[in-house]
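Student: Residue numbers (my numbering), protein chains in the order written: chain A, 74 to 329; chain B, 476 to 960.
It is worth saying that the hints were derived from the structure and are not from the lab.
Honestly, I wouldn't trust all of these hints.
[Stated by the list, open to error] Within a straight-line C-alpha distance of at most 25 angstroms, the following computed SDA-like cross-link-like pairs (lysine to any residue) qualify:
| no. | chain 1 | residue 1 | chain 2 | residue 2 |
| --- | --- | --- | --- | --- |
| 1 | B | K677 | B | N657 |
| 2 | B | K825 | B | E757 |
| 3 | B | K933 | A | R281 |
| 4 | B | K639 | B | N657 |
| 5 | B | K506 | B | W549 |
| 6 | B | K933 | A | P166 |
| 7 | B | K933 | A | A192 |
| 8 | B | K933 | A | E129 |
All of these numbers come straight from a predicted model, not from anything done at the bench.
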Amino acid sequence: MALLEIQDLHASVDGHEILKGVNLTVNAGEVHSIMGPNGSGKSTLAAVLARRETYEVTGGRVLLDGKDLLEMKPEDAAREGVFLAFQYPVEIPGIGNAYFLRSALNAIRKHRGEDELDAMDFLPVYKEHMKLLEMDDKLMNRSVNEGFSGGEKKRNEILQMAVLQPKLAILDETDSGLDIDALRIVAQGVNAMRSPDRSFLVITHYQRLLDYIATDFVHVLVDGKIVRSGGPELALELEDKGYGSAEADAQAALSA
Amino acid sequence: MSSSVDTIRGLAEQDYKWGFITDIAEDRVPKGLNEDIVRLISARKGEPEFMLEWRLNALRHWFTMKREEGEPKWANLTIAPIDYQNISYYSAPKKKPQLDNLDQVDPEILRTYEKLGIPLLEQQRLAGVAVDAVFDSVSVATTFKGKLAEMGVIFCSFSEAVQKHPELIKKYLGSVVPQTDNFYAALNAAVFTDGSFVYVPKGVRCPMELSTYFRINAAETGQFERTLIIADEGSYVSYLEGCTAPIRDENQLHAAVVELIALDNAQIKYSTVQNWYPGDKEGRGGIYNFVTKRGKCLGVNSKISWTQVETGSAITWKYPSCILQGDNSVGEFYSVALTNNRQQADTGTKMIHIGKNTRSTIVSKGISAGYGQNTYRGQVKILKSATGARNYTQCDSLLIGDRCGAHTFPYIEVRNATARMEHEASTSKIGENQLFYLRQRGLTAEDAVSMIVNGFCKTVFKELPMEFAVEAQKLLGVSLEGSVG
Numbered sequence: 074m075a076l077l078e079i080q081d082l083h084a085s086v087d088g089h090e091i092l093k094g095v096n097l098t099v100n101a102g103e104v105h106s107i108m109g110p111n112g113s114g115k116s117t118l119a120a121v122l123a124r125r126e127t128y129e130v131t132g133g134r135v136l137l138d139g140k141d142l143l144e145m146k147p148e149d150a151a152r153e154g155v156f157l158a159f160q161y162p163v164e165i166p167g168i169g170n171a172y173f174l175r176s177a178l179n180a181i182r183k184h185r186g187e188d189e190l191d192a193m194d195f196l197p198v199y200k201e202h203m204k205l206l207e208m209d210d211k212l213m214n215r216s217v218n219e220g221f222s223g224g225e226k227k228r229n230e231i232l233q234m235a236v237l238q239p240k241l242a243i244l245d246e247t248d249s250g251l252d253i254d255a256l257r258i259v260a261q262g263v264n265a266m267r268s269p270d271r272s273f274l275v276i277t278h279y280q281r282l283l284d285y286i287a288t289d290f291v292h293v294l295v296d297g298k299i300v301r302s303g304g305p306e307l308a309l310e311l312e313d314k315g316y317g318s319a320e321a322d323a324q325a326a327l328s329a
Numbered sequence: 476m477s478s479s480v481d482t483i484r485g486l487a488e489q490d491y492k493w494g495f496i497t498d499i500a501e502d503r504v505p506k507g508l509n510e511d512i513v514r515l516i517s518a519r520k521g522e523p524e525f526m527l528e529w530r531l532n533a534l535r536h537w538f539t540m541k542r543e544e545g546e547p548k549w550a551n552l553t554i555a556p557i558d559y560q561n562i563s564y565y566s567a568p569k570k571k572p573q574l575d576n577l578d579q580v581d582p583e584i585l586r587t588y589e590k591l592g593i594p595l596l597e598q599q600r601l602a603g604v605a606v607d608a609v610f611d612s613v614s615v616a617t618t619f620k621g622k623l624a625e626m627g628v629i630f631c632s633f634s635e636a637v638q639k640h641p642e643l644i645k646k647y648l649g650s651v652v653p654q655t656d657n658f659y660a661a662l663n664a665a666v667f668t669d670g671s672f673v674y675v676p677k678g679v680r681c682p683m684e685l686s687t688y689f690r691i692n693a694a695e696t697g698q699f700e701r702t703l704i705i706a707d708e709g710s711y712v713s714y715l716e717g718c719t720a721p722i723r724d725e726n727q728l729h730a731a732v733v734e735l736i737a738l739d740n741a742q743i744k745y746s747t748v749q750n751w752y753p754g755d756k757e758g759r760g761g762i763y764n765f766v767t768k769r770g771k772c773l774g775v776n777s778k779i780s781w782t783q784v785e786t787g788s789a790i791t792w793k794y795p796s797c798i799l800q801g802d803n804s805v806g807e808f809y810s811v812a813l814t815n816n817r818q819q820a821d822t823g824t825k826m827i828h829i830g831k832n833t834r835s836t837i838v839s840k841g842i843s844a845g846y847g848q849n850t851y852r853g854q855v856k857i858l859k860s861a862t863g864a865r866n867y868t869q870c871d872s873l874l875i876g877d878r879c880g881a882h883t884f885p886y887i888e889v890r891n892a893t894a895r896m897e898h899e900a901s902t903s904k905i906g907e908n909q910l911f912y913l914r915q916r917g918l919t920a921e922d923a924v925s926m927i928v929n930g931f932c933k934t935v936f937k938e939l940p941m942e943f944a945v946e947a948q949k950l951l952g953v954s955l956e957g958s959v960g
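Assemble the whole structure, with the sequences as input and the hints as a guide.
Tutor: What follows is the structure in structure tokens.
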């Protein structure tokens, strides 16, 4: 059954239309990759799905598990299981990493009618995930993302995702700025989380990440629209020919 | 963007949650200020002659100041004129309860404390905190006296100290803040009604944190507290002061004086959480909090540390200061000041270095929301005698929304070339990206703001005693939005 249904989605930033009619269906358990050139609207799509308020939806419909996602505030979407791994994770000075994540987890658990976790219950879970992501224990009590290296920030995003266990995980250019080792660790973290009731939307500019994360579908976003969709082989083709070819093919298809 | 601005606006418009009025019969003197009123106050309190003289001298000086210059005008504050003759300078609950028995305290008063979340009975059970509760102007309950007395610690109301320990009062009263110090200190010296007195004898480490909850209750009653804390050689004491006040239509003048004296090798830690009624959204009502707080490190190796969390009052005028007289003495000032709606705060500290190798640390965190105006004003003065003096100052401002203001006025005066001074300052805004990040993880906008603000204040909260730090976070939460996780 469809976990996410995007129908003719239009969105603007500061009055400029960025998304110009996106259609996409993601079923539970699937991994979809969105590729496309810079400025094509990939990050805008991610932000709109996470309900960032600086992005204005001007048309279309988005259903998450049958519920109207566009009616939700960012925290509502998060509590319903939408997680966005940020391209540029934000620093929160003075708030410990573990404390922050436990507060977030408890907000979500409360929403689901589950008991909140105290520090004693939470820390073992947290530490276990840190270990899998080969993160230094010291980061636990450091302020959120403050003074973290680029790689540490990205791993911290995956750590949060692992603890929060979302239904729909959106990875916004998580591979950017990562060296090969960090990329491998991040990908392992994602692969370990694959399950029949969790879906992924992997946004990336390069095919590289897809060497590590097995994707079911690849979509090419150009100028605010998905112009081609296919299997994993599409990513390899794009790597060879570039986005220009996808665009040209799309033009050809339109004029045919 | 607009909706996140709306969210912040919504948070800024949170109502004061602890406004309620307790119905108690009052005993008060007629409105107005003159020598007869001062004599009446002194007589009601059964004071010895030297106290009356001291008060009258203060009053005469105050009249001179009033005539010649009026109130201090250098602060970055807009203050409506105050009619000093339209204030009643003394009020006390009529039923005077026994100080040693909580059962005899007016149940109405106890219920008030319970509403504030500070039930005395529970605090007594919890132990570790001795409470000298001041309701309006007279102490109504004092606890743990026995245990303190065993160690020779005196912790009582100021009135009681005047009766029982006049020699200590005579020696130290006005020795740090003279009656003539400033306009509001002179007013306080003339008409102060009560407050706390602490004496910790030589070599004694006070076994518990001493705590006083103040509360203004009578309409149009100025509240003039006077606190004196003396730490004798080699002693240590930690003192907590906290307060909330009920909603009132008219401005209430509050001009307290606190004097601290630390002798050789003694340490005093003074922590405040202040939450007087701040006025409504348009700035009507609310407390005028004009406080003079000063500590003197009289002895060598002594240390005085001020920590304050100021979230309340319509206007705050307050500069807890340290005179570092003894060689190697240390002064500290850690401050969080929050102004929301139409609140104004002009607060900071003075560090006066006199002795050799004296050190001072200043950490100030100002938060402005709504139309709040927040000013840090600090003076660091290194006198010629203060060879090897050091100061570190950090003052940070956080803005929430775009209609508030943050201002910083640091004054540095150095007369000894060996001094080392460091000054850091920053101003930041809560960013939409920070809010979105926290909300994307499931936190509400309110909790997100609260979390960011608490993170900003962390270095100051760290200085508060544990239970006070929790209370401070709550207050900050209440002042800005709902609650802090």
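Student: List in ascending order the numbers of the hints, as given earlier, that are violated by the structure.
Tutor: Failing hints, ascending: 1, 2, 3, 4, 5 and 8.
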